[in-house]
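K.L.:
Okay, here's what each chain looks like letter by letter:
2 protein chains.
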Amino acid sequence: MNNSDIILLSHGGGGRRTQQLIRDLILKHLGNPILDRLDDGACLDVPEREIVFTTDSYVVSPIFFPGGDIGKLAVCGTINDLAMQGAAPRYLSLALILEEGLALADLERVIQSVARIVRETGVAVVTGDTKVVERGKGNGVFINTAGIGVRHPGVDTHVANARSGDVIIITGTLGDHGIAVMSRREGLNLETGVVSDAAPLWGMIEPLLREIPKVHSLRDPTRGGVAAALGDIATAAGVGIRIHERALQIRPGVQGACKLLGLDVLNVANEGKALVICTPAQAEQALRILRTHPLGRQAAVIGEVTAEPVGMVLLETALGGERIVETPLGEDLPRIC
Amino acid sequence: MNNSDIILLSHGGGGRRTQQLIRDLILKHLGNPILDRLDDGACLDVPEREIVFTTDSYVVSPIFFPGGDIGKLAVCGTINDLAMQGAAPRYLSLALILEEGLALADLERVIQSVARIVRETGVAVVTGDTKVVERGKGNGVFINTAGIGVRHPGVDTHVANARSGDVIIITGTLGDHGIAVMSRREGLNLETGVVSDAAPLWGMIEPLLREIPKVHSLRDPTRGGVAAALGDIATAAGVGIRIHERALQIRPGVQGACKLLGLDVLNVANEGKALVICTPAQAEQALRILRTHPLGRQAAVIGEVTAEPVGMVLLETALGGERIVETPLGEDLPRIC
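Quick note, the sequences are listed as chains Y and H, same order.
Residue 1 is where the first sequence starts when you use our numbering, and the numbers rise one by one after that.
Residue 338 is where the second sequence starts when you use our numbering, and the numbers rise one by one after that.
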């Protein structure tokens, strides 16, 4: 590739080459009246008082994987963090750390993915930043997206709100994102047929909260998987959690890859699933609402909240046994998001 | 160093080791009732309608330099982006991309710098994220800070508001940050005595906007220096800009280093200076207010806005000549912020 096809250090220098990159590539796909002003900050009119503010950096490797790429992941991840707080996603920031030598065509693919989700969900990228680091000091693209959402009135979906007796719903299959990424890792190249589930969840969550604003807790089981998410809930709410292996839905490709790689699917990241904690009385209605959305068609109850043992997650195995589900130390699945 | 003293990949896995790092290092220094909840997003009560949202990633190399470090730089930079929009900084996010092998002691120093500025300015870090990449895929620490501020009523400091006849004030000396960082670059190690000017500017800007809410434009001349900042103003406002070399204040150490490195000080980054564009009638009062603040003691008029030539910045040299000040392509000063 010649120099006009790749990212150069000067693209990050804040001079004319930075301006050119922003105009030719970022504004071309993401332009809107606020972003087009190219201010160092975006002035927003937010009449609602209760806003939610979130941030995530994405360092997934490789940056392209079955079912998505780092751009789709970043936007979906931030939209979902807002959705899990019961907030309608409104505004995103997009900050890029590019590695010298990155193909501009790859960067454009990533930005197009961002643009697709932005169009689909109606959120707007309103401010951003571009930096460039030398070859060998980065990894193609790192993305940070921060987000601002507006909380639905009367909604409080904090994980500490889970109560003994509540049921635990998950909106679909387990482990698709993590396995899709792992399958493309250098030196691995597994043919699993698994694609990432990365998807923006607000379209599914919004009707749920409109109909059942008193849902107790929402959490997306991303990095650390269902195990870490349920562990957080058990700790924050001071409750126990019991899930049933028979109720978990796992694609054969995910199951096979987990076996091969020695992974517990409960630790594998999801990027388009939600855990919904509600009362048994709300469960049927919740399932009905979730299942009307394409992303929630396989929504199912997978367990319940118990008074004891506090802070612990237990799995009732398919054979009727029981084991403790531990929050992993963090060794198994680096750079999955 | 042994494994308990450095960042491991598992610190980014989202499991127990990530939790431990956040509790022992982040919450220890930055804890507050909102951050302590450790939600994926922060719920904020913002009664004002007009908010400003900004983001910046910091990749400065080296991460420690005379007068500061990447933590101080990140927080000041985001506070200043808000201040330049006429917004009181309220809430920050802090997202870390750590390189495997980073000394925990270095990370703690960076977080302590963040904490110091946070305490000094009264902003709060309310949400964050921690990722880890393998050795050789990052550079110690990259930081993204996004920020939310509340716009002062009646204030509009957009760069497009500059008008022919306006005066251009800068609040102090030129080029200190860029030269402080360059002086510590690998293989260079210049003894310039120059320290970075990185500082939070809202304390100086707030009284200015209270007394003179109709200031036309504010811009901090960071990456790309005064040349890029004034170039932006000239382009956005459709005006010309003329500055006077005699009026520029440059420390001898900065002057010497620029000569040695072949840099134009107008292209060198500042991280604690503001350009203030106002009418001549406001200028005296503006200077008086700025000079009462320790960061603005050397505030001075350095030029004026002209009708022509549109989009161009001219420098009247000390010898009475004139030259065009070009926005650099971006080659000279990589990774300065």
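Don't read these hints as lab results, they were simulated from the structure.
No experiment lies behind these values; they were computed from the predicted model shown.
One thing to keep in mind: the hints can contain errors.
[Unchecked claim] Dumping the calculated DSSO-like pairs for lysine-lysine here, alpha-carbon to alpha-carbon at most 30 Å:
id	chain 1	residue 1	chain 2	residue 2
1	Y	Lys137	H	Lys551
2	H	Lys596	Y	Lys259
3	H	Lys365	H	Lys474
4	H	Lys474	Y	Lys137
5	Y	Lys214	Y	Lys137
K.L.:
Which of the listed hints are not met by the structure?
P.N.:
Violated hints (numbers, rising): 1, 2, 5; every other hint is consistent with the structure.
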